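Visitor: Here are the chains, one letter per residue:
Protein chains: 2
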Amino acid sequence: MHAMDELVRRIREKRNPSVIGLDTCLAHLPPKFARDHLRELPNMEEAAQAIFDYNKALIDELYDIVPAVKVQAAYYEMYGPAGMVTFSRTLDYAREHGLTVMADVKRNDIGATAEAYAAAYLGQTTLGEGKASAFCADFATVTPYLGEDGVLPFVRACEEHGGGIFVLVKTSNPSSGQLQDMRVGGRTVYEMVGELVADWGRGLIGEEGYSAVGAVVGATYPEQGANLRARLPRTFFLVPGYGAQGAKGAELAGCFDANGGGAIVNASRSILCAWKTRPDMDFAHAAREEALRMRDDLLAGLKAAGKEGANPW
Amino acid sequence: MHAMDELVRRIREKRNPSVIGLDTCLAHLPPKFARDHLRELPNMEEAAQAIFDYNKALIDELYDIVPAVKVQAAYYEMYGPAGMVTFSRTLDYAREHGLTVMADVKRNDIGATAEAYAAAYLGQTTLGEGKASAFCADFATVTPYLGEDGVLPFVRACEEHGGGIFVLVKTSNPSSGQLQDMRVGGRTVYEMVGELVADWGRGLIGEEGYSAVGAVVGATYPEQGANLRARLPRTFFLVPGYGAQGAKGAELAGCFDANGGGAIVNASRSILCAWKTRPDMDFAHAAREEALRMRDDLLAGLKAAGKEGANPW
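Each protein sequence line maps, in turn, to chains A and B.
Just so we're aligned, residue 11 is where the first sequence starts under this note's numbering, counting upward by one.
Just so we're aligned, residue 11 is where the second sequence starts under this note's numbering, counting upward by one.
By construction, these hints were calculated from the structure, which means they are not laboratory data.
Fair warning: this is a prediction, and the values are worked out from it, not measured in the lab.
Here a beta-carbon is modelled for each residue, glycine too, at the ideal position from N, C-alpha and C.
Possibly wrong hints are sitting among the right ones.
[Unchecked claim] Computed cross-link-like contacts, DSS-like style, restricted to lysine-lysine with a CA-CA straight-line distance of at most 25 Å:
{"hint": "1", "chain 1": "B", "residue 1": "258", "chain 2": "B", "residue 2": "313"}
{"hint": "2", "chain 1": "B", "residue 1": "286", "chain 2": "B", "residue 2": "141"}
{"hint": "3", "chain 1": "B", "residue 1": "313", "chain 2": "A", "residue 2": "141"}
{"hint": "4", "chain 1": "B", "residue 1": "24", "chain 2": "B", "residue 2": "313"}
{"hint": "5", "chain 1": "B", "residue 1": "24", "chain 2": "B", "residue 2": "66"}
{"hint": "6", "chain 1": "B", "residue 1": "313", "chain 2": "A", "residue 2": "42"}
[As the list claims (entries may be wrong)] Computed spacing ranges between beta-carbons, pair by pair:
{"hint": "7", "chain 1": "B", "residue 1": "49", "chain 2": "A", "residue 2": "217", "range": "50 to 60 Å"}
{"hint": "8", "chain 1": "B", "residue 1": "233", "chain 2": "A", "residue 2": "23", "range": "21 to 31 Å"}
{"hint": "9", "chain 1": "B", "residue 1": "23", "chain 2": "A", "residue 2": "51", "range": "52 to 62 Å"}
{"hint": "10", "chain 1": "B", "residue 1": "302", "chain 2": "A", "residue 2": "286", "range": "51 to 61 Å"}
{"hint": "11", "chain 1": "A", "residue 1": "191", "chain 2": "B", "residue 2": "233", "range": "47 to 57 Å"}
{"hint": "12", "chain 1": "A", "residue 1": "55", "chain 2": "B", "residue 2": "106", "range": "46 to 56 Å"}
{"hint": "13", "chain 1": "A", "residue 1": "67", "chain 2": "B", "residue 2": "286", "range": "46 to 56 Å"}
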């Protein structure tokens, strides 16, 4: 199976171009949930178990309305090896519920080391005469600072195992321009990286028209998003920065194709912590309400931009 | 304690500006060691245990002659959560033996997520009313593509906990120039990033004259290394690419200051797999011989460049 084809079809089936970011840590748990699941001085294993329980409750509540989850490795590594068990269990639980699973690991290294990362998240690890999976994701995020030596081992793993990657092109943070907006020759660094991403993905274009090699394009830079959209017609965008980071649906239409495809928008804290702004609801119900609100906001933005008419939905 | 001061003192005490890279995976184990430590079809836990046993034997053999080890996370993530247990145990075992420990994780993310990574490797994780360490390293490696939002959370963790980072500036791989050598304004991307690294580290300069914010500068580009050395007098360099990647001692003198300080050179496979070229020795003894040969090669290169005379060694 081609991971990007599968993602596109799930977005279409659920009529929802959004992905929920499970950046879960203890500080995001509602006080009642924390009281019920944790001692006052928990150890790493107990913390990691409570985080899995929270993720599980959110997946149970959201899997029928969202096509994908993105699991941010930093929040799991913070709890040591026990956190990595929860990371792995969360990926597995989401996949069992028919969700496309993105390991947001932003890995980058060279040669044999990049191959090891690709094996860890998208492929399999050789164990003597056998093989086994370390962390089972459909997609991993990758950083391009090392050039193609750091990316092609992931591309080869996509080819072999059917997974996909999203390469950082233009990120959502305030200082992303410090390097990415610098001009090299007649274009910016992020435009140049975008073109490299299109090149790297040229051999992996699926039936839905998009390559398994996608790009991360921050929601907080709508002009740059529209610019990249025009330049990279075969590149699917993972668009973080909605919600807590400030972007709204109407600003994001430029990241989508004329037919409303080609992008998926991530929100993390606004969903994980939806209980904070909906004190009358339990956390899972609040997350569902916020996920539905976000979906409708994105679809309204696409409609307002005239991108819904030709949409296959 | 200031991690860079400590590293500089250990280099001086052992008269050895080299760091051993523990990029250990099953394919690096000698056949006899693998037969003694593994079944034909090992599981992840057994593989991870064998890798720890190998690392332990190497540390036991090398800790009196080398100042530091660099542990490459990719090779441990490849074995799933069990691999992360071995990663953590390897860091701890090396620290217990008086070695400076570098977690080669090349992490990068923004805001709260970068803080989570910094907590995972250099700081502590909040657990209710308490705190605990996830992975205990003296240094972590960091990728700069996201700009300062992705680096300053690590710098703050260094300040708070006494650790250090090495930011990728000019990497050792063949395609590193694809992005890093592009010209932005009157300089290259890697020169620009080098200047940012110096800025980010300005508040963390230790008694030995170097900032806790260092730079990764590939051994395979000696001209660029000498260029950066001249531009960044307070920035300590982690120099990978010696040995298996092709660089030799005489080519590396340019990465060092006039007094022979300011850099540490990494070798991984040439040490881990020294048994391949020394079939008459057991693997640990072969690693020691290669580590001593490397040390002498580096010191001879410094001497030939006239950088030994003023050396505090």
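Visitor: Enumerate the violated hints, using their earlier numbering and listing them in ascending order.
Guide: The structure breaks hints 2, 3, 6, 7, 8, 9, 11 and 12; every other hint is satisfied.
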